[in-house]
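For the record, the sequence lines run as chains B and G. Per this note's numbering: the first sequence = residues 1 to 228. Per this note's numbering: the second sequence = residues 229 to 506.
Bear in mind the hints are in silico, worked out from the structure with no lab data behind them. Please note: incorrect hints may appear among the correct ones.
Claimed, not checked - Sample of chain G residues lacking proximity to chain B, with all beta carbon distances greater than 10 Å (derived): (1) Y308; (2) H349; (3) L375.
Unchecked claim - Derived DSBU-like pairs (lysine-lysine); straight-line CA-CA distance at most 35 Å: (4) K252(G) - K85(B); (5) K402(G) - K252(G); (6) K372(G) - K85(B).
To be verified - Among the chain B residues that face chain G by a calculated CB cut under 10 Å, a handful are: (7) S47; (8) F51; (9) E55; (10) R75; (11) I79; (12) Q80; (13) D83; (14) G86; (15) G193; (16) V196; (17) F215.
All residues carry an ideal CB built from backbone N, CA and C; glycine is no exception.
Letter by letter, the chains look like this.
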Amino acid sequence: MTLPFYVSPEQLMQDKAEYAQKGIARGRSIIAMEYRDGALFVADNPSTSLFKISEIYDNIAFSGAGKYSEFESLRKAGIQHADLKGFMYSREDVTARALANGYSQTLGTIFSQELKPFEVEILLAQIGDGPEQTEFYRIAFDGTIVHEKRCIAIGGRSEDVASALRSAEGEGDAPDLNTALTRCMKALETATGQPVSLRALEVALLDRTRTGRKFRRVPPDEAESLLA
Amino acid sequence: MEWMGLNRPVGQCSSFFDFLQQAKPDLTPAVRWGAEWRPVPADEMQRNVLASLSHGTTVLAVKYDRGAMIVGDRRAVEGYQVAARRMEKVFTTDSHSAIAIAGAAGPCLEMARLFSIELEHYEKLDGVLLSCEGKANRLGHMVKANLPMVMQGLVVIPLFVGFDVKQRRGRIFKYDVTGGKYEETDYHAVGSGGKDARVTMKERFRKNLSERDVMALGLEALLSAAEEDVGTGGPDVFRGIYPTMKFVDARGVSDADDAEVARLCDQLARARSERDTR
Chain B
1 MTLPFYVSPE QLMQDKAEYA QKGIARGRSI IAMEYRDGAL FVADNPSTSL
51 FKISEIYDNI AFSGAGKYSE FESLRKAGIQ HADLKGFMYS REDVTARALA
101 NGYSQTLGTI FSQELKPFEV EILLAQIGDG PEQTEFYRIA FDGTIVHEKR
151 CIAIGGRSED VASALRSAEG EGDAPDLNTA LTRCMKALET ATGQPVSLRA
201 LEVALLDRTR TGRKFRRVPP DEAESLLA
Chain G
229 MEWMGLNRPV GQCSSFFDFL QQAKPDLTPA VRWGAEWRPV PADEMQRNVL
279 ASLSHGTTVL AVKYDRGAMI VGDRRAVEGY QVAARRMEKV FTTDSHSAIA
329 IAGAAGPCLE MARLFSIELE HYEKLDGVLL SCEGKANRLG HMVKANLPMV
379 MQGLVVIPLF VGFDVKQRRG RIFKYDVTGG KYEETDYHAV GSGGKDARVT
429 MKERFRKNLS ERDVMALGLE ALLSAAEEDV GTGGPDVFRG IYPTMKFVDA
479 RGVSDADDAE VARLCDQLAR ARSERDTR
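For reference, chain B alone in the conformation it holds in the complex:
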């Protein structure tokens, strides 16, 4: 009988992390940032039918970077969790914090127990009645959660994008929509070193001025007229 090779747990985890990071680094970046009336999502995504940003619940939106099949199954699980919880309790009891915890648990378990970790990063945003209730969460492939109040970036080059965003960020109140969109585009341009076209971006909003469900996609034409 042959014995399997011994691999130390540290080495195993490191290999898995490297594998997942490589997969994510190949993907494009996604930004979420606060603006005056809610949260703005901008994803570098030329496809007009396969979306990276999606609605989860009344005031919660989701975005995933990395492998499409993997973040798509996480997105569906999130919608099921949210709808079930809203049906069992009440619509206001569905929170991004609980969802982020669910994602963290799931990704953490997959990372430590499965042979192949998920090559994904998840971004969750929730808005409330006022700007102080806006929350952003980033959940990494190993289940690590980061909580932010102003802006957050995921995907390949997310560090570069986030630092570009932070340097552009001013003090005081959240910017209006066109300023926020301009900042996101500048940050993407700085990180990739290439000009970014609005036609190649997926833009969506959580807009607290809407009644009922707050999520809304912004088609390229409307985004162009915003910046004009």
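Fit chain G to the supplied structure of chain B, relying on the hints for placement.
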């Protein structure tokens, strides 16, 4: 990694109702009550069904030039007592559809709530709205799943109104207790006062009515039902309670203006009293 069935098989539909039946069967009405279903003698079953079919309520739907209108009275009864005066029986279920429900109040409200989550769930998972026909079929499925409860006397009969975005027209669907779905061409009413409302509409209905005319027609039909049927509440002038009316057209679902409903009710009541005193 069993969080909300992350490993669900490929090809499963984007239905919240099906998901609920698998994940939390105790939360679906049919499974909850139907699990301990016992054989009921045929005559008792028939009595149950017939008794509850005539449960207090009148809800009706009428087509007009821009789409379809749906109306419901506000009364709920328990035997010969008025249980609620302000009950809502008409619900907006998504951007282009609404339902009104007649039958046992508890299961009715639950079905309305479940149905609107069902439509929203599909829209979020698949990224597109269900077609009008698709929504009507889903509702039929839910009514069918309720059959074990019907045998125990808890009937739920919905009336579905949707705007078909592809065909550019309003559509009305009625159901029977077995989930059978039937499309109506012009108008329909269900509930204990449904027959009286239908008779009035049969006399007064015209194609392509304006929004104002269809409101008057709907209110007149409801008033006729309220006059003949104790389970149906008419306009309550003392408390300012008026029927719920919603319009479903290309722009979406909109509620009728309360002041306008009150004014039309007043006008109708005056027309009837003048006729009586002449």
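Verification of the hints:
no.: 1; hint: Y308; in the structure: holds (34 Å)
no.: 2; hint: H349; in the structure: violated (5 Å)
no.: 3; hint: L375; in the structure: holds (22 Å)
no.: 4; hint: K252(G) - K85(B); in the structure: holds (11 Å)
no.: 5; hint: K402(G) - K252(G); in the structure: holds (29 Å)
no.: 6; hint: K372(G) - K85(B); in the structure: holds (25 Å)
no.: 7; hint: S47; in the structure: violated (12 Å)
no.: 8; hint: F51; in the structure: holds (7 Å)
no.: 9; hint: E55; in the structure: holds (5 Å)
no.: 10; hint: R75; in the structure: holds (8 Å)
no.: 11; hint: I79; in the structure: holds (5 Å)
no.: 12; hint: Q80; in the structure: holds (5 Å)
no.: 13; hint: D83; in the structure: holds (5 Å)
no.: 14; hint: G86; in the structure: holds (7 Å)
no.: 15; hint: G193; in the structure: violated (32 Å)
no.: 16; hint: V196; in the structure: violated (24 Å)
no.: 17; hint: F215; in the structure: holds (9 Å)
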